[in-house]
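Novice: Each chain, letter by letter, is given below.
There are 2 protein chains.
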Amino acid sequence: MNHDQQRSAEGLLFTDQYQLTMAQLYFRLGLHERPAQFEHFFRRYPNYGSHQAGYCVNAGLQWLIDWMQQTRATDADIAFLRSQHGVAGERIFGDDFLDWLRAHGHFESISLHAIPEGRVVHPNVPLTVVRGPLAMAQILETPLLSLLNYQTLIATKAARLREVARESAVLEFGMRRGPERGSNAGSRAALIGGADFSSNVGLSHVLGLAPKGTHAHSLVQVFMALGESELAAFRAYAEIYPDNCLLLVDTVDTLGSGVPNAITVFEALRRQGHRPVGIRLDSGDLAYLSIQAAKLLDAAGFADTTIVLSNDLDELTIWQITTQISQEAPRYGVDADALIRRLTYGVGTRLITSAGQGALDGVYKLVDLWTDAGWTPAIKISETAAKTITPGDKRVWRLYDQRGKATADLLALHDESPAAAAELMLRHPSDHTKYRSVAQAELSELEPLLVEVLREGRLMAELPPLDALRVRRVADVERLDPGVRRLVTPHIYHVSLSQRLWELKQDLIEAARGAA
Amino acid sequence: MNHDQQRSAEGLLFTDQYQLTMAQLYFRLGLHERPAQFEHFFRRYPNYGSHQAGYCVNAGLQWLIDWMQQTRATDADIAFLRSQHGVAGERIFGDDFLDWLRAHGHFESISLHAIPEGRVVHPNVPLTVVRGPLAMAQILETPLLSLLNYQTLIATKAARLREVARESAVLEFGMRRGPERGSNAGSRAALIGGADFSSNVGLSHVLGLAPKGTHAHSLVQVFMALGESELAAFRAYAEIYPDNCLLLVDTVDTLGSGVPNAITVFEALRRQGHRPVGIRLDSGDLAYLSIQAAKLLDAAGFADTTIVLSNDLDELTIWQITTQISQEAPRYGVDADALIRRLTYGVGTRLITSAGQGALDGVYKLVDLWTDAGWTPAIKISETAAKTITPGDKRVWRLYDQRGKATADLLALHDESPAAAAELMLRHPSDHTKYRSVAQAELSELEPLLVEVLREGRLMAELPPLDALRVRRVADVERLDPGVRRLVTPHIYHVSLSQRLWELKQDLIEAARGAA
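Chains as they are written, first to last, in our numbering: chain C, 1 to 516; chain B, 1001 to 1516.
If you're looking for bench data, these hints aren't it; they were derived computationally from the structure. Among these hints, one or two may not hold up.
As the list claims (entries may be wrong) - Here chain C is said to cover these stretches of chain B; the calculated rule only asks that three of the stretch's residues, wherever they fall, bring their Cβ under 8 angstroms from a Cβ of chain C:
no.: 1; segment: 1016-1023
no.: 2; segment: 1162-1171
no.: 3; segment: 1244-1256
no.: 4; segment: 1334-1346
no.: 5; segment: 1444-1457
All residues carry an ideal CB built from backbone N, CA and C; glycine is no exception.
One chain only, chain C, in its complex shape:
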C-alpha cells in the first residue's frame, strides 16, 4: 500500500459498503438530511476465558475527532464509487447521489457528545452519541466503531496490568506482534489504560513521551559471531550508554553467564561514577530467575537496580510470578516485597492483542429520529431481551455513594433531572424483576458523564494530553468498589434505567410487537 492507496483506504471510504448503499437510498427518498441520533455502546465486558473485566477504560476519541475533521470525499473516492457495477451491469451509485456526496461527504454537520477518554465505562452505557444528518451519521458508523472499539479494548487490558503490577512500571512492547498499522492505536490505548511507557518510537513521539528500550539478543549474537563474548557486548553497551545501562542477560545462560557478566560491567560503571539501571530476563522461570538474580545483584551491592521481566506476560502470569516470589524468595534469603517492588514488566503480544478476547463488541444504533411529530425514539427489538436497545435521547449520570465510590450508572431521558428527585428508581435495562430505589441522601454525588465534544463539526471540548487522561483513569479506578476491580469473577457494576426511560422502552417494545 503506497501513500496514495493509504489515503483512499483511510479516508471517507474507510467504511462498509452498506453504509453507502443506505446513504444513497436515504438521498433518493429525501431522508439524507433528516436529523438522526445514534449511540455507540458495548454490550459485554471483555471476557478472557478464565478471567473477566469488571470495568473498561474508554479510549480512542481524540483520534476519531482528528479523523472526522480531516476527512472529506475526494475526487478519487467519487470516481471509485462511480465505477461500481452490480450483477446486472447497472451502476450502483448514481450521479445525483455522487454529486451530493462530493459536496457533503464530510462531518461538519455532525454533533457529538461523549464520555471522555480515560474514564471508566460500563456496558449498555452510551459512550458516544452522534447527532446529524441521517446519511453522514450512518456512514460514520464503521470508522467510529473501528477507531473506538479497539482502543477501548486495549486500554481495558492495560488497566488490568496496572492493577496487578501495583507500584511497578509496565512497558508496552507489542508492535512486532500487533495488528500492523493498528499497533499505533494499541500503543496509545495501552498508555492511557495503564502502561507507563512504550517501546514504540513514533507513537511515543506523537504523544510527547520518551520511548523505552535498550538491546535485544541480537546484540550479543553479533559479538559472538565476531568471535567475542557476551561480556564484550555488555561492555560495549555500558560504554555507549553508561547512564542508561539495562542489560538483557538470557542470551547464553542467565545465572551462569548473563547476571555475573552484568555485575562485572556494573562494577566498572560504579567505579566510573555511573549508576547502572538493571537487567532484563526474557525466558525461563521468571520468578525463580528473578529471585536468584536479585540475590546476586544484592550481594554485589546493586540492590537498587531494576529487574525487567518479559516473555508473553499478561495479568495472570504477572500475578503468578509475584505470588511465587512471595512464597519462594524468603527460602533464598531474598526480601520478597523489595524484589516485587523493583520489578518492571515488559508486556507485548498479550496486551496489544488483548489475548483471550480480541474484540470489544461495541455497536452503533439509531435511537432517535426527527419526524413530523418531532424527535421520535427508535428501537430495535431482539429475541434476546438484553440485546433490545434502549431508545431515545439520553443522559448518563454516575451515582457515588457516601463512601465516594461509584455505585451505579443511571441512564435517564434528556429532560430528566435526577439530582432534583428525593428518591431515584434504578431499573435493570432488560430484567423487569430487578430494580432498586436510592434516596438522594444516600448519594454523595450525581455526576453527568457525557460531554459535548463537537457541535456541527466544531470542537467544543478540550481534548487533553495523555497525562490528563491518565489522571482521569486513576481517579475513576480508585472510585470503583474493590470487588469490581477483581481480575477474576468481578462484581457486576449496576447500569440502570430511570423509571421514565424504562417505561418508554416498554411502550416502544409493545408498539413494535403490535406492528409486527
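Put chain B on the given structure of chain C with help from the hints.
Specialist: For chain B alone, kept in the frame of chain C given last:
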C-alpha cells in the same frame, strides 16, 4: 492523530526504541555497515484452543516492500531522537549517529528474498531473508514483523474459512471490530487467504475489487420510526436496487415478518423482470432459520436466491451450521446439499481478530554476519531446543511426492543442490532422533521457495495482483495432504534440515556451549 502525526508514527520511527539504541552502538563501533543476514520465520502454527492450523498462508510482503520503498529518515524524526534524554539528563542519541541516520536512514541497501505471498508456509521456515548493513537491517526488524505477522495470521484464518465454506462465498465484514487502521491489512489478508469479497470500501478500491454490502437493521428502524413498516423499507430498497436486492430479514421477526416481506418484494421484482439476489440472516439459530427460510423461498419460486449468514461466524460455527442442516433439512423436505450450496458466509470479528489466537509468533533472527573470516553463521541458543535457531545462509526446497503432494520443506545451505543428490537426508530441526531418508525417485518435484524480491532496494520480482496470489494459494492448498488441511488436530507437516545444515547447527551449539 492528524496526518503529520501519522507520518511520524508510520515512518522510520515505526520501530522499537532498542533497534535505534543498538544501531547507534553499531555505528560507534564501526559495525553499522557490516553486512548481516536476518531471517523472519514463525515457530508455531496458530492454535485456536479447541482447533489448530496445520498450515499458514503467507501474506503482507507487498505492503512491506511499499513501506520500505517510501520510508526514509525525516528532519522531524531526527529532531525527535535528538530531543531524547536519559535518566541522568544525557542525550540518548549523539549528533554523529543522527547525521549518519539522516543520510542513510532508508532501505536502499537492503536485499531481500522471500517466499511469495499467497503460498502455503510452515513453522521454522525462513519466509523472508534480509541481507544488508547491520544497523538498517536491525531497525527493519519491527516494521517487518508488524507488516508480515498480522497479515499472515489473518490469511491463515481466512484459509480455514475457505476450507469449511467449500463452494460458498465468504465475505469479510470485520472492520468495525477490527484493530483500527490495521483493519485494512486484515481485509487484504482475508482476501488473499480465502475471503471472496470484503465490505471494506476503501481497501476493495485499492485492490480493484467490488466491495459487498446492502443494508443494516438501521434501515428498517428508520422506516419504523417514521411510522412505516419493514415491508416499506424492503420496497424502498428494491426500488433503488432492483438488480442488487439482498434483504436483511431479522430486524423484527425472521420467519413471521422478514422472510414473508422479502418474498412479497421479490415477487414484485420478478414481475418487473428483475432477479432478486437473496436474504441475510444475522441472529438466532442460523441452521434452523436457513432451512425454514429456504422452504419459504423455494415454495415461492425463489430457489435460486442466496442466503447470507452472519453473526459471529468462524470455521467451527460454519461447520456446525452445515452439519445441522445436513441432519435437519430432510425432516422439513428441504434438500440439504442444495441449501448448503446457496449459502454465503459473512464473517467479521472472528476473522479480522483471528479469534482464539490473536498473534502469529513470527520472529526475526540474525543468522549470518560478515567477519574477517567471511560470512559467519550466527546462532542463538535456547534452553528449549525447539527455540534454538538454525544458523546460516539457507535455501528452502519444497519436496513433492509421486502423487504431487507436498511431503516436506527442506532447509539446506545456500551452496547445496538437493536436486543433484540421489538420496536426501531429512533431519528434524531439533530432535536428533527424528530423521528420514528420501530417494530422489520418490519425488516428483523439488521446488525452491525463496524468490529474490529486492536487490539493494531495487525490486527484482513482480508483485502480482490479488488474483494471482489467490491462484497460488489455491494451488498450494490442493497440493497439501488432506490430513494437513484438517480443522482439528491436523497432521504435522515435516520441516527438515539437510544433513550438512544439521551438522553446522550442532557444531555451533557445541561451540557456543564451550564459550559459555
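Novice: With reference to the structure, classify each hint as holding or not holding.
Specialist: Each hint, compared with the structure:
Only residues whose beta carbon comes within less than 8 angstroms of a beta carbon in chain C count, and the segment 1016-1023 of chain B has 7; three or more means the coverage holds. Counting residues of the segment 1162-1171 of chain B whose C-beta lies closer than 8 angstroms to any C-beta of chain C gives 0; at least three are required, and the coverage claim is violated. Only residues whose beta carbon comes within less than 8 angstroms of a beta carbon in chain C count, and the segment 1244-1256 of chain B has 5; three or more means the coverage holds. A count of 0 residues in the segment 1334-1346 of chain B with a Cβ less than 8 angstroms from any Cβ of chain C is obtained; the coverage claim is therefore unmet, three being the minimum.
With 0 residues having a Cβ less than 8 angstroms from any Cβ of chain C, the segment 1444-1457 of chain B misses the three-residue criterion, and the hint is violated.
Checked against the numbered hints above, the structure violates hints 2, 4, 5; every other hint is satisfied.
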